[in-house]
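What follows is the residue order along each chain.
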Amino acid sequence: MPEASAKPAAVPLGTQTTKAQQQKGKDKNSAGAQETKAQRKAEKAARRAAKVSELGKSSHLPQEAIAQARAQSQAKQSRAASGTSNASSVGGGSSNSVVNATVSSAISSLTAQSTAIHGSDILDKRVGLFKHLEITRRSGTADAAKDIHPVILALTLQFASYTVIGSSARCRATLRAFQTVIKDYRTPVGTTLSRNLTNHLSRQIDFLITARPLSITMGNAIRWLKQEISVVSIDVSDDQARESLIEKIETYIRDKIEVADRVIVQSAVKHIGNGDVILAFSRSAVVEQVFLEANLRGIEFSVVVVDTRPFYEGKEMVRRLARAGLKCEYVLISGLSYVLNDITSVFLGAHAVLSNGQLYSRVGTALVAMSAKRKNIPVIVCCESIKFSNRVQLDSVTFNELGSPDELMNISIDSTPKPGPLKNWRDLPNLKLLNILYDLTPPEYIKKIVTEVGSLPPSSVPVIIREYNSA
Amino acid sequence: MSTVGTHISKEKDLNTQIESFVAQIKRRQIQGSYNVALATAQLLLRAVSATRWTHIDQLITQIKVLGKRLQSAQPRELACGNIIRRVLSLIREESEDTNDSESGDGAANSPLITSMFSLLSANDEYDSTRMSQGLGDGTSRSVKRDLKPYIIEGIQELIDELRSIDESIAGMGVEMIHENETILTPTPNSRTVLKFLLRAAQKRKFTVLVVEVFPNDVEKTHEFALKLAGAGIETTVITDAMVYSIMGRVGKVILGTNAVLANGGLLASAGATMICQCANVHRTPVVVCTGLYKLSPMYPFDIESLIEVGDTGKVLEFEDGSLVDKVNVVNPLYDYVPPESVDLCITNMGGYSPSFMYRLVLDHYRQEDVTL
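Protein chains in written order, with the UniProt record's numbering: chain A, 1 to 471; chain B, 1 to 372.
Treat the hints as calculated values from the structure; they're not laboratory data. Every residue gets a Cβ at the ideal spot worked out from N, C-alpha and C, and that includes glycine. Be aware that a few hints might be false.
What the hints assert, rightly or not - Under the rule of at most 20 Å between Cα atoms (straight-line distance), these lysine to aspartate or glutamate pairs were calculated in the EDC-like manner: (1) A/Lys-423 - B/Glu-219; (2) A/Lys-418 - B/Glu-340; (3) B/Lys-195 - B/Glu-167; (4) A/Lys-375 - B/Asp-302; (5) A/Lys-423 - B/Glu-153; (6) A/Lys-327 - B/Glu-317; (7) B/Lys-326 - A/Glu-300; (8) B/Lys-314 - B/Glu-167; (9) B/Lys-227 - A/Asp-124; (10) A/Lys-375 - B/Glu-340; (11) B/Lys-195 - B/Glu-153; (12) A/Lys-226 - A/Asp-124; (13) A/Lys-183 - A/Asp-124.
What the hints assert, rightly or not - Sample of chain B residues lacking proximity to chain A, with all beta carbon distances greater than 12 Å (derived): (14) Pro-149; (15) Gly-171; (16) Thr-239; (17) Ser-245; (18) Arg-249; (19) Asn-280; (20) Pro-339; (21) Tyr-352.
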C-alpha cells in the first residue's frame, strides 16, 4: 500500500516507534490513549499533507488521499478550536477513508472529469450532509481489466452518460448484456461453470458499478441470476448450461418487466376516466405505457408533465405522448402549485419501493406527492414487483446517489451546455453545488401502488416481498 | 400671468414625465417592486408639487386618476398601487388634521376609534356624521395651499422610508438566526433577503441552502450564491426538486416576496408555495422579509388573475419542433402562498404574524382608495 510506505518517510523516528507499538496493539484501550493516538494520526496526516503540498502535485499519493489528508488537517484544526470530543471518531474515520482512497484509485482513472472529489484544491467541495455518499466516477474505459467484456464496457459508458436511464431500462440492458457475456463465456480448466461464472460476472458488475451504483432492480436481478447459476447441475454440458441460462434470462425479462408492465397497464387504465387531467412527474416507462393504452382505448383525458433539471426526462415523455396525439401540458417543477388546481389524479413511477412503504424515486417526487395530498388529489404509483426491496430507509440523506455538481452550473434548457455565473464555482471557497438523484416519499402521500401481482396500499409491500419472494 | 404661464409649462413637463414613466413601466424598463415603488413615489412628489388645486378633493381626484393610469401600465405590479394609496391616505390625513385644528374639535377624527371614552361620549355619533360629511364637502376647507408643503414632506418621508427598508429589516436578522443554523431560501432574487443574511453573517456562522428558481431567476440565484459565499457564509446551491429531501435538516426558511396581500397571503416567486408547504410538513418555521410598501389592500379572490405568466421559451426551447405545436407550455412567474403557510412577516416596522396584516392595511390605507 502506497500509504504505508509514505508514512514512515514523512514522520520522525521517535513518533514512528510509538506508532508501531500501537499498531501491534500493545497499548491499553483507554479513552485517553485512543484520543492521543487519533490526535497523532491526524497530526501526521497534516504533516504529510504539508509535505505533499510542498512537493507539488507530482506526488505518488493518489489525489483523493491528498484531499482526504487536507480534509483531515482542516478537521483537526476545527477540532482544536472546538474541543476534542470528536477526536476518536475522526481518527477512526481517517483510516477507513485512506483504505477507500487506495481501492478506488486502483480501479478508476484519474481524469479531472471523473473525480467527484477535486484533488487539486484546498477547498472541500463535498456537501457536509452527503459526504458518506461521495464516490469517484469514471468517464473513460481505457483502464479496464482485460476480462471485462466489451458489451459491459459499452454499457458502463451508457450508464455514466445517462444515455440508458431509468430503473427498468437499466435492468433490462444489464440482463441483455449478461446474456452476451454468458454466451461468450468459456469455463477455464480446473473449475466448473456453476462456480466460476459467478465470479466472472461479479467482476463485470464491479466494473459497471464504477459508472453508477446498482439500481434496486439490477440488484434483484443479479441476485436471482447468481441463484440460477449456482443450481446448474454439473452433469449438464457447458453449452447446454449456457443456453439454458440465456433462455432463463429471456424469460425473466419477459415475465418481470414486459408482461408485468402489461398487467399494470390493464389495471391502472381503469383509474383514468373521461375528462381527467392527470399529472405525471418526470419520466416513467410504465406510466407512459398506461397513458398510451388509455389513449388507444379512446378515453378523453389530458396529461400535465412536470419536469426537473438537470435531466429533463419529462421532455422525452411529453414528446412521445404528444406524438400519440394526447393533449399535453409541460411545466417545470417550480410551476407545480400553479397547475395543481385542475388536476384530478397523479401517476408516479418508482425506482424502488422500500419495505417500510417509502417510495424511492426521482428527486422531486416527494414534493409532487406532498402537494397533491394537500389538495386531496389521489396519488397512484405504478411499479413492477422487481422494484420491491427489503431495505428500509427513513430519509433521503442517509442513502442516495450523488450526481455531478457541474450539471447545476450549466443553466441551459437543452443539450447544449451554457455555463452560468457559477462557472468558476470550484475556485470559490464556501460555495458548493448539490446534485442528488433520488428522494424518499412517505407512504401516507400514496393512495395505491399498482403492481403486476395486484393493487395494494404502500404498507403491504413487505407482504408481497415475503409471499412472492421477488426480492 | 407669469405665474400662470410657468405653471402651465410645469404641467406640460409633468405630463411628459408621466407619459415617459408609464411607457417605462409598460416596457419593463423599471422592474421589481422596489424600483417601481420608488419611481412611483418620486413621480407623485413631482405631480403634487406641480398640480394646482382649489379644493383638496381635486388633488385627491387627480392623484386617483393618475394612479389608475400608472397601475394599469403594469397591472400585476401591486407596489405601484400601494404607493399611490399610501400617498392618498397621507393627503387625506393631512387634510383631516387641518380640518380638526380649524374647527377646534379635539376628538380624534381617524376612522379607528382609539379611546374607550369616545365610545361612551355623546359626541360619538356627531363625529361619524361629520366625518362622512366632511369628506364630500369642500367649502369648509379654506386651507388649500398651506397643505402642500406638508404633503410634500410626507411623500419625502415615504421615499426615505423606502430607501431605508432593507437596513431596518437587516437589523432584525441577528435575532432570528442562531449559530450553526441551516437556512433555506426559496427566493434568492430578493435584495432584502440578501442584506438580511449578510448582516446576520457578521455576527453568526450559519449555512445557507439556496434554491435555484429555475428558469426565471436562475442567473440572479447564482449571483446571490456568489455574494453569500464571498461574505464567508457556507452556501450550497440546490435545485427546486431537492427541497423535500433536505427539508428535514433545515432550521428555517427565509424568503422575500413580491407582494403581501391583505389576508396575509404572499405573492412570491414561482415554487415558493410548494417549498413553504414542505416546510409546514416538517414543522420548519417560515419567515418572510418584506417592506411595508409591498403590503396591498387586495384580497386574493381570484388567484389566477394575480399570477403573471412569463416566457415559455425559457421552459421549452422553441427549436424543439416536434413539441412546439402540440404541447401547451406554462411558465408561471409567481406563486400564491396562503397565510397559514407563513409563520412570521418581518417588516421595517417590526415582526408580525400574517393574521395581523389586515391591521397594517387599515393603518396605512383608506377604504375609499382601495379601488382607484
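Hint by hint, here is what the structure shows:
1. Only pairs whose Cα atoms come within 20 Å are accepted, and A/Lys-423 paired with B/Glu-219 is accepted, the gap being roughly 11 Å.
2. Only pairs whose Cα atoms come within 20 Å are accepted, and A/Lys-418 paired with B/Glu-340 is rejected, the gap being roughly 39 Å.
3. For the proposed pair B/Lys-195 and B/Glu-167, the alpha carbon gap of about 8 Å is at most 20 Å, so the pair holds.
4. Proposed proximity of A/Lys-375 and B/Asp-302 is supported: the alpha carbons are some 18 Å apart, at most 20 Å.
5. Of the supplied pair hints, the one linking A/Lys-423 and B/Glu-153 is violated, its CA atoms being roughly 48 Å apart against a limit of 20 Å.
6. Distance restraint check for A/Lys-327 and B/Glu-317: the Cα-Cα separation of roughly 19 Å lies within the 20 Å cut-off, and the hinted pair is therefore satisfied.
7. Our distance criterion of 20 Å between C-alpha atoms is met by B/Lys-326 and A/Glu-300, whose separation comes to about 16 Å.
8. Proposed proximity of B/Lys-314 and B/Glu-167 is contradicted: the alpha carbons are some 34 Å apart, above 20 Å.
9. A distance of roughly 19 Å separates the Cα atoms of B/Lys-227 and A/Asp-124; the hinted pair therefore holds under the 20 Å criterion.
10. Distance check on the hinted pair: A/Lys-375 and B/Glu-340 sit about 14 Å apart at the alpha-carbon level, within 20 Å; holds.
11. Distance check on the hinted pair: B/Lys-195 and B/Glu-153 sit about 28 Å apart at the alpha-carbon level, beyond 20 Å; violated.
12. Among the hinted pairs, A/Lys-226 with A/Asp-124 is inconsistent with the structure: their alpha-carbon atoms are about 40 Å apart, more than 20 Å.
13. At roughly 46 Å between alpha-carbon atoms, A/Lys-183 and A/Asp-124 are farther apart than 20 Å, so this suggested pair is violated.
14. Residue-level check passed: B/Pro-149 sits 47 Å from the nearest beta carbon of chain A, beyond 12 Å.
15. For B/Gly-171, the non-interface assignment is confirmed: its Cβ lies about 24 Å from the closest Cβ of chain A, beyond the 12 Å cut-off.
16. A cut-off of 12 Å between C-beta atoms contradicts the statement that B/Thr-239 is not in contact with chain A; the least separation is 6 Å.
17. Under the 12 Å C-beta cut-off, the non-interface status given to B/Ser-245 relative to chain A is violated; the minimum distance is some 3 Å.
18. Listed as outside the interface, B/Arg-249 is inconsistent with that label: its C-beta sits roughly 6 Å from the nearest C-beta of chain A, within the 12 Å cut-off.
19. Its closest Cβ contact with chain A, about 9 Å, brings B/Asn-280 to no more than 12 Å, contrary to its assignment away from the interface.
20. No beta-carbon of chain A comes within 12 Å of the beta-carbon of B/Pro-339; the shortest separation is about 15 Å.
21. With a least beta-carbon separation of about 24 Å from chain A, B/Tyr-352 lies farther than 12 Å from that chain, consistent with its non-interface assignment.
Hints 2, 5, 8, 11, 12, 13, 16, 17, 18 and 19 from the list above are not met by this structure, while the remaining hints are.
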